[in-house]
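Visitor: Sequence:
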Amino acid sequence: MELFPSNTKINFMGTRYITVGIFVLMMLVSVVALSTKGFNYALDFTGGTLVEIEFEKPANVEEIRSRLDAAGYDSPVVQTFGSGNDIVIRLQPPEMEEGGSPQDADNTAQSGMAILEVAQTPDNPGQVIRSDFVGPQIGNELALNGVYATIFVALGFLAYIAIRFEFKFAIAAVLATLADVLVVCGWFAITQHEFDLTVLAGILSVMGFSINDTIVVFDRVRENFRLLNKLEPKEVLNRSINQTLSRTIITSFVAFLTVLALYVYGGHSLKGMAESQMIGVVIGTLSSILLACPILLLLGVTKQDLMPKAKADVEAELARRP
1 MELFPSNTKI NFMGTRYITV GIFVLMMLVS VVALSTKGFN YALDFTGGTL
51 VEIEFEKPAN VEEIRSRLDA AGYDSPVVQT FGSGNDIVIR LQPPEMEEGG
101 SPQDADNTAQ SGMAILEVAQ TPDNPGQVIR SDFVGPQIGN ELALNGVYAT
151 IFVALGFLAY IAIRFEFKFA IAAVLATLAD VLVVCGWFAI TQHEFDLTVL
201 AGILSVMGFS INDTIVVFDR VRENFRLLNK LEPKEVLNRS INQTLSRTII
251 TSFVAFLTVL ALYVYGGHSL KGMAESQMIG VVIGTLSSIL LACPILLLLG
301 VTKQDLMPKA KADVEAELAR RP
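Quick note: full-length UniProt numbering has the sequence shown finishing at residue 322, numbered continuously throughout.
No wet-lab data here; the hints were simulated from the structure. The reader is advised that the hints may include incorrect statements.
[Claimed, not checked] In the DSS-like style, the derived pairs of lysine-lysine whose C-alpha atoms are separated by at most 30 Å in a straight line are: (1) Lys234 with Lys9; (2) Lys271 with Lys57; (3) Lys168 with Lys9; (4) Lys303 with Lys234; (5) Lys9 with Lys230; (6) Lys303 with Lys9; (7) Lys271 with Lys230; (8) Lys303 with Lys230; (9) Lys303 with Lys37; (10) Lys303 with Lys168; (11) Lys234 with Lys168.
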């Protein structure tokens, strides 16, 4: 049973200027947010210490923060995750010595057991579940590698679609996918939700999901250009979107339910990744329906773009004859 019959006649191309305008507006808002607010980088990128502690009773976050301040820990971030008994503490990296390496004393002071001694009380003891330290230099390298990974994926998509379809299709698909990534990044900049390596992994997976949806639509576009050669490109694109609409919506809905379960039950460490994927699934689905084909139309795609050059030249010459 199809959610939308294949003969649905929704005029997506008739509203292309509105939908493209909405996407452009969202991208502009994202750029402004990224320029003015930036990301709330997590320990993975900034460096520092992260300690997860499980207490016997629900812990008072403000009291723990006050005790850490009093013990000399600079700007500690104390949050609950899961139940009220579970606390995560983030500390800035220790001061650098003149030679450029963290002081051993500071590293020792920021160890999990040292922080536990300050955070717990006699009537509410705790135990360290996780203790990590990331140096600032490693954090910078991870951020740079994340940028390289995004560029590499985008170039790979561009090359693959240009070979499989045609260069106009590749440009449209990559632009739509990069719009998805920009909007997801803008969401994290606006909300200031923590941006860590799991979020970056979620964004890269969003790129894959979005490009897959777009390729499904483009496959139908290619078929219809060959079968419905007397129709205008706008009508071919409209039919292609309508014919794949049911598949696109159902696939996206199932994917959304999967990452929603991960968001609800996956725990604190996977929450950011699931959040980026949920937003990416929604935006990626909309872009494959409302953005990729309008861009293709704006680029002036025709049937000749999908033919071997010699045959395309012959058909173009025949079309010019009276």
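Visitor: Now, for every hint given, state plainly whether the structure supports it.
Guide: Structure-based check of all given hints:
no. : hint               : in the structure
1   : Lys234 with Lys9   : holds (13 Å)
2   : Lys271 with Lys57  : holds (24 Å)
3   : Lys168 with Lys9   : holds (25 Å)
4   : Lys303 with Lys234 : holds (12 Å)
5   : Lys9 with Lys230   : holds (18 Å)
6   : Lys303 with Lys9   : holds (21 Å)
7   : Lys271 with Lys230 : violated (50 Å)
8   : Lys303 with Lys230 : holds (10 Å)
9   : Lys303 with Lys37  : violated (45 Å)
10  : Lys303 with Lys168 : holds (12 Å)
11  : Lys234 with Lys168 : holds (15 Å)
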